[in-house]
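**Q** Sequence:
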Amino acid sequence: MSNRIPDEKVEQVRRSSDIVEVISDYVQLKKQGRQYIGLCPFHGEKSPSFSVSPDKQLYHCFGCGAGGNVFSFLMELEGLTFIESVRKLGERANIDLPDATVQSPVAGPQVLMRSAHELAAKLYYHVLTLTEQGSEGRSYVKKRGFTKEQIEHFQIGFAPDRWDALVTILTKRNFSLETMVQASLLGERESKDGYYDRFRNRLMFPIWDGQGHVIAFGGRSISDEKPKYLNSSDSPIFHKGKTLYGLHLARPSIRKLGSVVLFEGYVDVIAAWGAGLSNTIATLGTALTEEQAKVIRRNAENVTICYDSDKAGTSAAFRSAGILEQVGCTVKVAQMPEGLDPDDYIRTYGAESFKSNVIGESLTLMSFKMRYLRKGKNMQNEAERMSYIEDVLTEISTLPRAVERDHYLRQIAEEFSLSLEALKHEQFQIYREKRKQDKSEYQSKGRPIQSRKSLEAKKLLPAHQNAERFLLAHMMRDVEVTELVQERIGGSFNIDEHQAIAAHLFAYFGEGHEANPSQFIQGLQDEKLIRIATELAMMSLNDDFQEQELLDYMKLIETYPKRIQIQQKELEMKREKDPLEAAKLLMEINRMKQELH
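Residue numbering for the sequence shown follows our numbering, starting at 296 and increasing by one per position.
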């Protein structure tokens, strides 16, 4: 693969890749004035501080400082190189790039792993749908009620009952079989004398990343072979705890409806899609992680959990609900009849019943918690009854809205014939204790809680630093401003990073480029400079500024070193005990002030 893409091609890709559209594939964005805002994909947050500018084709997070253009977004989020990000966006925009094939001997292991997974997915789909080797798989999907549309939409396949079906194809295509072991597609024989297919005689479900690239597989046994479900192990391109099944397929519906239905496994997602629910995703047979919850929150605020009705499924739903709530989701929980999972229910009672009687009748999170906490307790026993009431009050104390708290407190008061005032008092005591405990734990970790005033003070910068920031922001948008600054003060900025950005701007415009913040930032190599330059480019500026404003900024920048000298002399004078020396210092200070003005 060529490591060089012509500059004009890079620029063509950049101009053809709208940053709002690209980032919308990863983050739920909402229009706010001229910008789009959303939850930052680079750090956890409940309130959006991530801003995307369609005008400047830049993004910036005011929380963690991440920023850049469309290329740097993919590089930072997916760990791509610059060349890889250009190729990915070029493919998205249908722009032909030189040497764009991945089957080069110098292609990195992750590129080869992705390519091999795509090849394997095509093989398994072909075997299931068109070959004699897939006949047992076809019988199984017919028995399970999978339709042709479901098989095609989810690219379901079948791994033949052979040890070397995939090994043979990968060998013919010159893939490194050792790398394919790391990718969890193959296994290595104990005798170290060969390799074998990891998946055999199984119905195969491709697992995609958020952009639709196959990165792993789930294999369902069609016989009595154990385990019943076999998933790919974690690899350099696949992490179970970060991946959600079917996200790229469900994303358009999730965005349209503003909600998502979360299942425990991929078969439930496929069954629900067949029932007409297209905003459905699943974890991969493991407990929901905080990383997965954050991905869900970036795509939707409202989540309905639909897990199995057994004890394990109910406990998992309770735990998952807490994690989703922590990242800012509004959660409901669907109640499955005893002994049925979503796939069973749909096949037994039909699509409309599932949509109306299961998803449509989902409980609010608090109602679900109350049912969950009640399970296994004898309400006729005083100790167990009081324990239940205390557990419920603890959960009620976490509710943010007074109306919700009042609603559930009244329910408890009526059911157990208790005083509403006594319950409110007890709930408030629990709330205060929890606040104290949280504060103590937070401070014990060495992270003292900052007050609103201290956070605001952090944003206040010295006058000379603000002047440099505003001046650079104007320079990035106007070549004439840059020429004026270069002529008047050159690179005499007082902040090292500002000085570096100014030098890059002088060089950028010196090469004949037009003012384009996104293109300018693309040429920066230092990550810190990229973040600062992006923040400056995203600043709100007065478009009708006068030249005097620029001159005032430059004067502040020029005179700052002299002001520091004056302050040092004033300190010396205060410390000086000899009256004559103090008088000399005063005269010098007055002279320096006159020069300053």
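If you are wondering where the hints come from, they were derived from the structure by calculation, not from laboratory data. All values derive from a computational prediction rather than experimental measurement. The reader is advised that the hints may include incorrect statements.
[Said to hold, decoys possible] Derived lysine to any residue pairs resembling SDA-like cross-links, with alpha carbons at most 25 Å apart:
1) K341 to F613
2) K850 to A878
3) K304 to D320
4) K443 to L418
5) K341 to G571
6) K535 to K850
7) K719 to S651
8) K535 to S610
9) K417 to F357
[To be verified] Here are the simulated distance ranges between beta carbons:
10) K443 to S662: 37 to 43 Å
11) E386 to D459: 27 to 33 Å
12) S471 to E306: 31 to 37 Å
13) G403 to G536: 20 to 26 Å
Every residue gets a Cβ at the ideal spot worked out from N, C-alpha and C, and that includes glycine.
**Q** Which constraints among the numbered hints does this structure fail? Numbers only, ascending.
**A** 2, 5, 6, 7, 9
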